[in-house]
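4 protein chains.
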Amino acid sequence: MIKIGIVGGTGYTGVELLRILATHPQAQLTAITSRKEDGVPVAQMYPSLRGRVDLAFSSPDKANLNECDVVFFATPHGVAMAQAPELLANGVKVIDLAADFRMQDVAQFEKWYGMEHSCKDLLPEAVYGLPELNRDKIKNARLIGNPGCYPTTMQLGFAPLLKAGVIDAGNLIADCKSGVSGAGRKAEIGILFSETSDSFKAYGVAGHRHTPETVEQLQRLTKDKVELLFTPHLVPMIRGMHSTLYAQLKQEISQEISNEALQAMFEEAYKDEAFVDVMPFGSHPETRSTRASNMLRIALHRPGNGKHVVILVVQDNLVKGASGQAVQCMNIMFGLDESTGLLHVPVNP
Amino acid sequence: MIKIGIVGGTGYTGVELLRILATHPQAQLTAITSRKEDGVPVAQMYPSLRGRVDLAFSSPDKANLNECDVVFFATPHGVAMAQAPELLANGVKVIDLAADFRMQDVAQFEKWYGMEHSCKDLLPEAVYGLPELNRDKIKNARLIGNPGCYPTTMQLGFAPLLKAGVIDAGNLIADCKSGVSGAGRKAEIGILFSETSDSFKAYGVAGHRHTPETVEQLQRLTKDKVELLFTPHLVPMIRGMHSTLYAQLKQEISQEISNEALQAMFEEAYKDEAFVDVMPFGSHPETRSTRASNMLRIALHRPGNGKHVVILVVQDNLVKGASGQAVQCMNIMFGLDESTGLLHVPVNP
Amino acid sequence: MIKIGIVGGTGYTGVELLRILATHPQAQLTAITSRKEDGVPVAQMYPSLRGRVDLAFSSPDKANLNECDVVFFATPHGVAMAQAPELLANGVKVIDLAADFRMQDVAQFEKWYGMEHSCKDLLPEAVYGLPELNRDKIKNARLIGNPGCYPTTMQLGFAPLLKAGVIDAGNLIADCKSGVSGAGRKAEIGILFSETSDSFKAYGVAGHRHTPETVEQLQRLTKDKVELLFTPHLVPMIRGMHSTLYAQLKQEISQEISNEALQAMFEEAYKDEAFVDVMPFGSHPETRSTRASNMLRIALHRPGNGKHVVILVVQDNLVKGASGQAVQCMNIMFGLDESTGLLHVPVNP
Amino acid sequence: MIKIGIVGGTGYTGVELLRILATHPQAQLTAITSRKEDGVPVAQMYPSLRGRVDLAFSSPDKANLNECDVVFFATPHGVAMAQAPELLANGVKVIDLAADFRMQDVAQFEKWYGMEHSCKDLLPEAVYGLPELNRDKIKNARLIGNPGCYPTTMQLGFAPLLKAGVIDAGNLIADCKSGVSGAGRKAEIGILFSETSDSFKAYGVAGHRHTPETVEQLQRLTKDKVELLFTPHLVPMIRGMHSTLYAQLKQEISQEISNEALQAMFEEAYKDEAFVDVMPFGSHPETRSTRASNMLRIALHRPGNGKHVVILVVQDNLVKGASGQAVQCMNIMFGLDESTGLLHVPVNP
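Residue numbers (the UniProt record's numbering), protein chains in the order written: chain A, 1 to 349; chain B, 1 to 349; chain C, 1 to 349; chain D, 1 to 349.
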């Protein structure tokens, strides 16, 4: 059994970790910290966990995280980098669901997250936790920067085409849509029911933190300079993310490449993946087809004049886009079958 | 392994059976019938099942349901009673999720369902599949009438008080609210998104089929004459059912009985139940605390002058209110641990 | 033109007043106060008002409310009673959308609202602003306590039967359901989209502030002692309120009174009302049939054994349940046609 | 007063016409046809119209549409072209909300709508009813093809840049999102609440009817060849449309043009328009800021490397995207002030 600690278990990625780990056959939930909720049973805050999670929140001082095998940080940015060094020194592995260890480029981190990086020396060994593109490094990692939700869809959607060199890396457009849970569990007017229901909007169009993270990773896949135009939107639904990706085929390639060849690139890339489903060419995946599961689905289109490939990617932002992916990394790090505890069938309807 | 057939797998209770059975360790999905979708892979109709259910729908004629150990009917009323005799004769157990075998009172059935009952001779052995009140009979049953969604909440909510004889059986009021999936997967204007979203209404106030079913069962618990006023409402949510039950305490009892004593009746009644959660007195259960799980939660209140007990009951109408309950019955009928394959943690948020 | 001031225009009842008054032919919006948003154009906070409301918020100190003809308080409880005396002394009429002047029973007010009433001497002249039951007093009022949203539906639903003396006043049950906007525009986790969407719950079952307000008013209609069991619920919709009212017919009356006679009581009671629609007996009104309008609709049912009348009442909680009703009062107070500026056709779908 | 007929008043654009015309000071509703609902009062089908619209549906044969001044067709494609000739011959003006008279290119029409165009001889005089780009022709038109909902946003969003010649007309991308009411009021499983709520998807990515209509119109604004990649999506909301438009600046222009200059193009283009609101540069318009109103709002962004302009456009798909626009055309055709009867303040929240 893997002894597991969770720092910051009161947010949505925290409670989603609990939902997943409560039925994970190798997980032993050992400590969940929350300064504010010290002593409160987790199931009192989240009645959905009544009878399934017996733990109470404990103040960070009291929780003996050093006795865990792995600690997940489901905290705001900046917390993991303060606590990771001591944990690692005590032989505890660390998986951060926030951004502290996602980007190697410190300047970009500090620019976009508005804080100094207090733990730069650990960055070189931090591993970006996207198994489908980085599995080998995850195996031996002590410290994981778990990908952002949007970046997961953008990378898995663009990767096969970028690697194959068939698209213009300098002109990527990602029009992405997220459910409201992606904004977290915070007392903010902007995410009230009455402010977001029955409406739709873009946000952060001028620039979003997930752009530099995604570009840094995509750049590893090609020698061409990657330029990404990323537009996030807020959808009146709780869970779910839909990314509509526009990739312009290189001119010479556009005239000769078949749809079948494009489809084959994706099927080949993901043929051994448990959590990436390449749907038949021309499909329209719905976010609900991944609801409450670790699946990510991809479908290709090539409309109109054939110059663009449109890649549709859906996932549950709280699972494959956050907590499920973190558990997937844990499974890899501890030598378990990668899908252990993650085979929830999507909830539909 | 239990060989399982599903008749009518294209509706919501059908696909929910598939979701549950796909991870049930003793279930072997053997046949799913649909005349209209003959030959179509189930996962093509329900992409949420891609990679998890390999079966294709088959026409009822071709499906060899007689080789199954149990057949679930997730069909409109009237189908199961036509096919059950042959299946039973071949040693196949039958669990009907529709109303054909729920009521012993044929006249009531025919009045409310507008069809003749073609299989009256099987009614005496049909068992009402509410495990918490009828477990012993389910154990040895060949033929189960799986309860309606509303009746499940009304019975489990009123039962402890009725059995204890502390309330006026002749003045039960049930104000119940259901998610739209309860109306099924039918091409009807009344359940379109644009007709039901951002709105709320009652329906069937003059009379609803679930009243006679519930009264027939509640009457078994008391010698007093049961009279039930049941008002169903439609909530703009997919899954979930919330029943607000009003029970008037008998006058002499009202003055002496304590809240603790009332609470104790419920805790005692359900202390060994895996799927009934009696919450602390005064709780306000949310339907989402049961989402996509087989849990039903109950909380008691005694407002104002103390003459009434208000019982709040929540469940997922498609799970404990339908397909989960059916699998719970199957587990009992086949001697499995009752919670086998049913321990999904509710999905929250 | 009526010069109008609004204190606290940043909440939902405030912006709804603005929506209504922006097209009211006799309204001259003169001042809107908000300490926090001083100087900010209203339309910057609410882009829906761009080009339609030119005013900016001003700090309460700067706003010359004393020059207005009427001031609406769309504030939390306690604000109006602090400012009303000075305004009234300056000849300004006051309409409070909060609870300060709704109840004559100070002890009840102080118990339920947890604050001392600082303006008891004005209470005797305060008029309860429910036009259909209190029109004559409103005509000459200087100070209006605008009814709560739930109480509006409960009073208009029970009133005809209580006045006629046909129901048991001591056993009224009101099972009410409100859209989330009723909880206001506050940064609270409990009303986030991800906490309330796709779910349903009751709240305040042990006791709610709207009970004593409603009982105080209903008691005026009958000599029998009124006892009310009121259960509020939260519906995942923005606007809308649906009250399901259960009235027990007096035993002797139950056996002889016809449905037609009951229906006639309602039709007679509201035959001259512009904003109360008595639908055909047995109708199922939907909240959306009143969306963004000042209409309230009522339908009667008499299910089962005929001992109860079930009254269904729907309204838009922000219009007839709050700001529309306040403008209706204003129209009466200033001698205008009562429906001036209030004839919005409900938005459907 | 203008005598008005509506053919096909049972769908969403029909009932929205009724909502608007019921308070239009110059409109006299004269006839509403529906073969299926012959004799049924409109307000029985749409209780939101109780007390506001007295008309009953009448069978097309009985309705004397020839006595109207104008007839709106809120019907499926193909109906208007069958009936328009006779009406026009009788001096009745025609506004078709379907596609029959939107496109001059008959081949494109027949390809995308799958029917022969039975009224080609009227096409030359048919006027495309987008007032902001075509006002002069609308003034004298007898026959209007009212624009599609998506095309309205795409044209008003791209037009100023295309006219100015600063963008690459051959590489327009429109990622558009619509509320479910855009799919109409039809008994189809795909638009049930339980199929569309809490989910998001693209549809018609391979090709959508609104592409050729939009290209035909955009092509009139520029000599460069217009190529448009249009991707529609379905949002779980009733009303509202959000188009995210990506325009690539011509390379030489990209380096020198300022954001202010781009913004000025839009402000200049729409400075006299009552229903187009150019928001401050960098705004994020929400669809709800136009809910139930005829407003369309536009905001510009220029993220990242500055090579693209991102234009955000929102409207209510049933108003500016359909019925409101049709009434706007009617106002122009009959010499009324263009905003007569159309100044509804958007409903928010």
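Treat the hints with care, since some could be wrong.
Which copy? The list can't say, so a pair holds if one copy fits it or any two copies do.
Quick list of in silico lysine-lysine cross-link-like pairs, DSS-like style, CA-CA up to 27 Å [to be verified]:
1) K250 - K225
2) K62 - K186
3) K111 - K307
4) K36 - K223
5) K163 - K120
6) K36 - K225
7) K307 - K163
8) K120 - K271
9) K223 - K250
10) K307 - K186
In case anyone wonders, no lab produced these hints; they're calculated from the structure.
Hints, verified against the model:
1. In this assembly of identical chains, the alpha carbons of K250 and K225 lie at most 27 Å apart whether taken from the same copy (14 Å) or from different copies (20 Å).
2. For the identical chains of this complex, K62 and K186 are intra-copy neighbours only, at 25 Å inside a copy versus 34 Å across copies, given an alpha-carbon limit of 27 Å.
3. Taking the shortest alpha-carbon separations for K111 and K307, only the inter-copy value of 22 Å comes in at or below 27 Å, while the best intra-copy value is 35 Å.
4. Taking the closest pair of Cα atoms, K36 and K223 never come within 27 Å of each other, the shortest separation being 48 Å inside a single copy and 52 Å across copies.
5. Proximity of K163 to K120 under the C-alpha cut-off of 27 Å is found in neither arrangement, the shortest distances being 30 Å within a copy and 51 Å between copies.
6. In the homo-oligomer, the alpha carbons of K36 and K225 never lie at most 27 Å apart, since the shortest distance is 46 Å inside one protomer and 47 Å across protomers.
7. For the homomeric pair K307 and K163, the shortest alpha-carbon distances inside one copy (18 Å) and between copies (24 Å) are both at most 27 Å.
8. Within a single copy, K120 and K271 get their C-alpha atoms no closer than 36 Å, and across copies no closer than 52 Å, so neither meets the 27 Å cut-off.
9. Taking the shortest Cα distances, K223 and K250 sit within 27 Å of each other both inside one copy (15 Å) and across copies (25 Å).
10. Neither within a single protomer nor between protomers do K307 and K186 lie at most 27 Å apart by alpha-carbon distance, with minima of 43 Å and 35 Å respectively.
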